[in-house]
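Number of protein chains: 2
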Amino acid sequence: MLTPEYMQQIVDRYLAAINAGDMTAVMALYADDASVEDPVGTEPKRGDEILQFYTNAFSGGAKVELTGPVRISAKAAAFPFRAEITRADGPVIIVEVIDIFEFDPAGKIATMTAHFGPANITAKDG
Amino acid sequence: MLTPEYMQQIVDRYLAAINAGDMTAVMALYADDASVEDPVGTEPKRGDEILQFYTNAFSGGAKVELTGPVRISAKAAAFPFRAEITRADGPVIIVEVIDIFEFDPAGKIATMTAHFGPANITAKDG
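Chains A and B supply the protein sequences, listed in that same order.
Counting along the first sequence from 1, when you hit position 89 you're at 99 in this note's numbering, and nothing is skipped either side.
Counting along the second sequence from 1, when you hit position 119 you're at 129 in this note's numbering, and nothing is skipped either side.
Among these hints, one or two may not hold up.
Under the rule of at most 35 Å between Cα atoms (straight-line distance), these lysine-lysine pairs were calculated in the DSBU-like manner [said to hold, decoys possible]:
no. : chain 1 : residue 1 : chain 2 : residue 2
1   : B       : K134      : A       : K85
2   : A       : K55       : A       : K134
3   : B       : K73       : A       : K55
4   : B       : K118      : A       : K118
5   : A       : K73       : A       : K85
If we take Cβ atoms under 7 Å as the criterion, some of the chain A residues that face chain B in the derived model are [to be verified]:
no. : residue
6   : P49
7   : V50
8   : P54
9   : T77
10  : P79
11  : I82
12  : S83
13  : K85
14  : A86
15  : I108
16  : A116
17  : F126
18  : A129
19  : N130
Hints are computed from structural coordinates only; laboratory data are not their basis.
Just so it is clear, CB atoms sit at the ideal spot from N, CA and C, and this is done for glycine as well.
Looking at chain A on its own, in the form it has when it is part of the complex (with noise of 0.2 Å):
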């Protein structure tokens, strides 16, 4: 059932996956038919395309964390976030992301948004 505790489980899992670099865990959260608009304005992936962009994106490392409550809707939740990433070929940057996940009714996240821009992105310590 989506009660709230659930869903702000499956975010409480989803950051705890991407800390320990198992994108097969996050993939394990996603919807088979799940779609990921990362950041929001660009082409929703799917499918593989989902996994080769987390593999991607936390290649060099990441860590998250909330920066504020988990807003529980009726079927969806938003949560406000802190992402510092390594990249082997660049600086590393924080990014502050809110997050979209909307669920379906087995409980897996069919769509996933994520709301920043080059305002949000900063170099650490630059």
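Assemble the complex: chain A is given as a structure, and chain B must be docked to it using the hints.
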């Protein structure tokens, strides 16, 4: 033009208008054919329903403030805020919300969605 600075300014004006109790100023930010889904999962409000909604919601006075940066993508702004709402018939409540504004090409808010639920509402000093 839909610059990050412009979208940030609209968010600032929106919150200031609510704090001032100026619902005419709130409405001026919306497109004529705007929809307001507040909270997510309810029937979107349109036209006069939007003014009625704001008037009802904030008739007793409200204080709103950002609790983190406005996330600005190509065509949308997402922002976490805290609302302290006073009603004639009950206690002062604190609501933790994430609003999403999507803009039309003219720079008006075309759709607003508000993410929160019972888990995000507490009585002040309660």
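Structure-based check of all given hints:
At most 35 Å may separate the alpha-carbon atoms for a hinted pair to count; K134/B and K85/A meet this at roughly 26 Å. Taking the CA atoms of K55/A and K134/A, the gap is about 28 Å. The hint holds against a cut of 35 Å. At roughly 39 Å between alpha-carbon atoms, K73/B and K55/A are farther apart than 35 Å, so this suggested pair is violated. Only pairs whose Cα atoms come within 35 Å are accepted, and K118/B paired with K118/A is accepted, the gap being roughly 34 Å.
Using a Cα cut-off of 35 Å, the hinted pair K73/A and K85/A holds, with the two alpha carbons roughly 27 Å apart. A hinted interface residue such as P49/A counts as satisfied when its beta carbon comes closer than 7 Å to some beta carbon of chain B; here the least separation is about 5 Å, so the hint holds. Given hint, V50/A at the interface with chain B, holds; its Cβ is 4 Å from that chain's nearest Cβ, closer than 7 Å. Interface hint at P54/A: violated, since its Cβ lies 13 Å from the closest Cβ of chain B, which is beyond the 7 Å cut-off.
Interface hint at T77/A: satisfied, since its Cβ lies 6 Å from the closest Cβ of chain B, which is below the 7 Å cut-off. Among the interface hints, the one on P79/A holds; its C-beta lies about 5 Å from the nearest C-beta in chain B, closer than the 7 Å criterion. The closest approach between the C-beta of I82/A and any C-beta of chain B is roughly 5 Å, which is under the 7 Å cut-off, so the hint is satisfied. Nearest Cβ of chain B to the Cβ of S83/A: about 4 Å, under the 7 Å cut. The hint holds.
Checking K85/A against chain B: minimum C-beta separation of about 6 Å stays under 7 Å; hint holds. The beta carbon of A86/A comes within 5 Å of a beta carbon in chain B, closer than 7 Å, and the hint placing it at the interface holds. Because the beta carbon of I108/A sits about 4 Å from the nearest beta carbon in chain B, less than 7 Å, this interface hint is met. The restraint placing A116/A at the interface with chain B is violated, with a minimum CB-CB distance near 18 Å, outside the 7 Å limit.
With a cut of 7 Å, the hint placing F126/A at the interface with chain B holds, because the nearest CB-to-CB distance is about 5 Å. At about 5 Å, the closest approach between the beta carbon of A129/A and any beta carbon in chain B falls short of 7 Å, and the interface hint on this residue holds. A distance limit of 7 Å between C-beta atoms decides the matter here; for N130/A the minimum to chain B is near 5 Å, and the interface restraint holds.
Consistency with the previously given hints fails for numbers 3, 8 and 16, ordered from lowest to highest.
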